[in-house]
Structures are given as C-alpha cells and as structure tokens.
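Take these sequences, add in the hints, and give me the full structure.
Each protein sequence line maps, in turn, to chains C and V.
If you're matching positions, the first sequence starts at 1 in our numbering and goes up one per residue.
If you're matching positions, the second sequence starts at 1001 in our numbering and goes up one per residue.
Because the hints were derived from the structure by calculation, they are not lab data.
By construction, the Cβ of each residue, glycine as well, lies at the ideal position given by its N, Cα and C atoms.
Mixed in with the good hints there might be a few duds.
[To be verified] If you want a taste of the chain C side facing chain V, the calculated C-beta under 8 Å gives, among others:
no.	residue
1	N51
2	V124
3	T168
4	F188
5	G196
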Amino acid sequence: MATRTVSITSVMVESKVEEIVRFTIHQRIQHILMIVSFTMLAFTGLPQKFNTWGVSEWWVNFLGGIEMVRNLHRFFAVVLLADAVYHIVYIFGGMAIRKQPLPLSMIPSLKDFQGMYQEIRYFVGLSREEPQYDRFNWREKFDYWAVFWGTPILGISGLILMFPVQVTRFLPGTAVPMAMIAHSDEAFLAVAWIFGSHLFFTHLSPGVFPLNKSIFTGRIPVTRLQEEHPLEWKRIQAALAVAQPEAVAVAVEAVPENITVPENIAVEAELPGNPDALPKTPNNPPNEIA
Amino acid sequence: MKLLLGLALAAILLVIGYFTFFTSPVLALDEKGCLQCHNKPDIKKTTQQGQVISLFVNEKELDASAHRFIDCDQCHSKPHDTPAVPTKITSAEKCGACHQYERKLHRESIHGQSLIRGEEGAANCVDCHSNALTPHSVVRVLSPESPAYRRNIADTCDRCHGNEKLMTSYGILEKTYESYMRSYHGKVQTLAKDDLRKLNMATCTNCHGVHDIKKAKDPTSKVGSLANLKEACAQCHAGADENFARSFIGHEEASLKSNPAIYYIERGFLLLTASVVAGGLIVTTLAFVHYTWRRPKK
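Below you can see the structure in the form of structure tokens.
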C-alpha cells in the first residue's frame, strides 16, 4: 500500500470513518453486569411481589422453590451492588488516577426538558423538527439517573429486609415495613421503565431494530450518531478537523478499513458545549475514532 | 418358555387388577349398626320445640374421618333419648370428654369464652377441624385436607375472620387475611404451597396461639404486649428484641391516623411509581405510534 497523506476531513468525505467508540470497556462491562443482575433480580423478585398470581407459584417451583428464589435474589443483589461500587470507583478513580474529566455531559439541564418537550411535539405531529441531541438525550439521562437513585434505595431497603433482626438493633422497628414498601415499589418502577421504555427506545426504534449492539461492542456507526446525536457529531468533526493530519494518515495507512486514532494523537480544539465530551488530554480520548 | 412368560405376565396383571378393582375401602366401625338408618340423607326428627333437625350421618365422610373406629355411643351415649339439640358449646364439651387438655385451653380462649357467653358466632372444635363442620368428618391435623393442616390455617381462620359482618360485631375491623398475605410470611404460604420444607413458615397460630387464642388486646395474649410479641417473633427470628417486634405495624392498613409515617411512605412511592411508569408509557406509546404510521418515507 502506497503511503498517502490525507487530511481527516477528506477521510470523512470518503466516509471511511465508519464507527465511533461510544462506550469504554469499563462502561460495557458495567452494563453487562447490570443486564445480568437486573434481569435475574426481576425474575426472582416479581413472583415475590405478585405472590397471589398462579404463574408466580409455577415460576417459583420451576426455579427450585422459594428458598432457591430468595437465595438467587440475594446473590444477584450482591452482583448489582458490586457493579454500582465498580461504577463509582470508575468515575472517581478515573478522575484521580487517569485524569479523566468528570462526565458532565450526563448532568441534566434545561436542555433536556426542552428536548423532551420538542420530542413529544414531534411524536404527536405538532412539529416537523426532530430535537437535536448532544452526547446523551433526555431519555438516556433518565435511564442513568433512575438507576443512580434506584440502586441505593433498593440496596439499602433490601439489606434491611435481609437482616431485619440485626438492623432493628440500631434503627426503629418501622424501618422494616418502610423498607418493604420502598423495595417493592421502586423495583416495580425500575422493571416497568426498563422493559416498557428503555428496551423500546434502544432496540425497537427504527434504525436500530432488532438489536442495538453499541453497548456490547462499544461502537456506534457514524450514520446513526449523525442521526441520533447530531450535536455530538458536529463537535467530533470540529475536533477532528484540527487534529494533526499526519498522525491520522499513519493510522489510515495501518488500518485502511477501520481507522483508529491512536492515543498519542493530541486533539486540541476550542469547542462549544460540553468540554468533557471530547478529549482534552492526549491520554484519554473518550471518543476515539475506530 | 414363551408360555411361562405369558403365564407370569397374566398372573401379574391379575394381581394388579385384583388390587385395583376388588379392594374395599376402610369402613367406619359402626358396631351397633346405627348407619343402617342414619346414612339415609332424608332422616330427620322434630324436636320438642318443634324444630326439624337432620339426623343424617355422611358415611363417606365418616369412613375417612379420624373417628371412624370410635363407636357412635362414645359420644351419643343415649342415642334415642337426647333431651336437647346440641349447641356449639355442648358439642365442644362432648369433644372435651376425650380431648381434655384442648378443652381446658379452649374454655379459657376468646373463642371458648364467647361460646360460654352464648355467642354462637365463635369457633368451637369442628369449625377448625372439619370441612363439613361436623365431628363425623374430623380428619387428622397432619392430613393436607384438614382445615387445621398448617398450610390451610390462614384460609380456615378466614372462614370467620373474613366475614366482615361477623367481625364488625366484635369490633375487629382489620383485614387480617389480606395483610397477612402481603407479608413475607403470607407470601411464602402462597408461593410454596407444595413445598414441605416450608411447612414451618409462620401462619396465624404461630403468633396467636392455637387452642388458647386470646383477644389481641388481652395482656395475657401471645401478642398482647410488646414483650409477648417479642417472644412470639423470637420463636423463629433468633435474637429478636422488642424494637424488632415494633416492625410489625398491625394487621390494620396504614392510615394517616394509625401510622402516618408508613402512610406517607406508601403514598409517596405510589405517586413516584405511578408518574414514572405513566410517563414512560405515554412517551413510548407516542413514539410507537409515530414510528409506525407517521414516519416520513425516505
């Protein structure tokens, strides 16, 4: 292969940048742990909530009896709590050790409410304009923060229900019935949201149906990024335009089909919007080009 | 050889067939032949008070009952010279002739005390031990069809305690069955109906007692005071203290008056759950409708 010197913009014109890395390996592992533990918790918790339904009894017997169901529930609860700790360590440990920026793009803002309003207008047909989202849209932020508030509620109330005798040594007795209400309702909320809304928007909406592989591969096709997160895509383009063209060319050389920007490329750009969504330091580009 | 095999097979079939079709069921003893008349469904008599009462004894039930080998005159000492129709308390006394320990406990219990006062609504022996409410169909407690079998106890109590009219007349307003089924004790009862390993899970009698059930407000009751309740909890929950016993907030539904903290928690979570679930459903439905019918063709 002959050595070519191409600027990054021309690479994109030739649409050779096909995928962008959207999730790091840690984020992907965290989400897979979450999928497994959450699903198993739902399957072992729901029959306990809806205990009077005939199908619950059948399902509990199928799994090996109520004692097995409760033990499974506790085991996967520990997995989920460990996952939550992993996430916190990843965020703050990453800031301390790897000098990652705090992911401010996940913080809810007025824009999210505007996005929600605009999207509902668009769905109903009052507006022909689709809302323009940045790195995360309002639904994705809600998914994240619902887990963020739900995990401590479910974790703490679950531990109270798991050790009622020990917990009431230092907490008032009413903590136990309160924990039962909180656990039962919050869990139902989580299951209803995930199975009712999250799965629909991530897997069943046009463009991704039948399966959105992004969370498993960590990559998102540029075409879909353009459509779903246009503002983020614009900022990535702007950043790439000022990246050192020679270095990119080397990468193009090495992997013609699958262009990778190596970690030693300095990408420095004055960008509008959220600064953390794009790399500031050479070592930690959250959005590498793949 | 073939002949021998054939013969052996025929013999086996014959034996199986014999035991399948020609075995007789266990029959009640009935030494005096009482059932010759009393097994007729229409046998009845008119008492001195002019009351028509049935004298029918269901032979099938009797054959399966725990009392099938006890002769009739053990309880009916002068069968054709009975002065008065038995009341709930007199028939309980009859049972007590043999079951003396249970009789003593029952007489001191709230059920026995109410019967002695002449209140026919209270439970006597057969109310909990017989499905047909007669001593002739009492089956052993360990038999799964017995109403006093551990798994059936909650339903048996609910026969009367689910009767709102009867309970209101005693001032018992709590929906005891529903609140029990909402608790983990009740949940296990419904989810492990056929799981013998879970037969020991707490049911009504574990906290309230069996034959010696007292009014819940009675200080001598097993649940009458926090100290007693703690003992009841500690039967299963090793190390339970009085604060743990406080975690039982009663069979009453939490209301603003009875338990404001629980009431607010309940309402708050209901509001949160309902709004999030409703919001999610609305957005998802709108998106689904939009993607299905309105999405412009490219």
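Ascending list of hint numbers which this structure does not respect: The structure breaks none of the hints.
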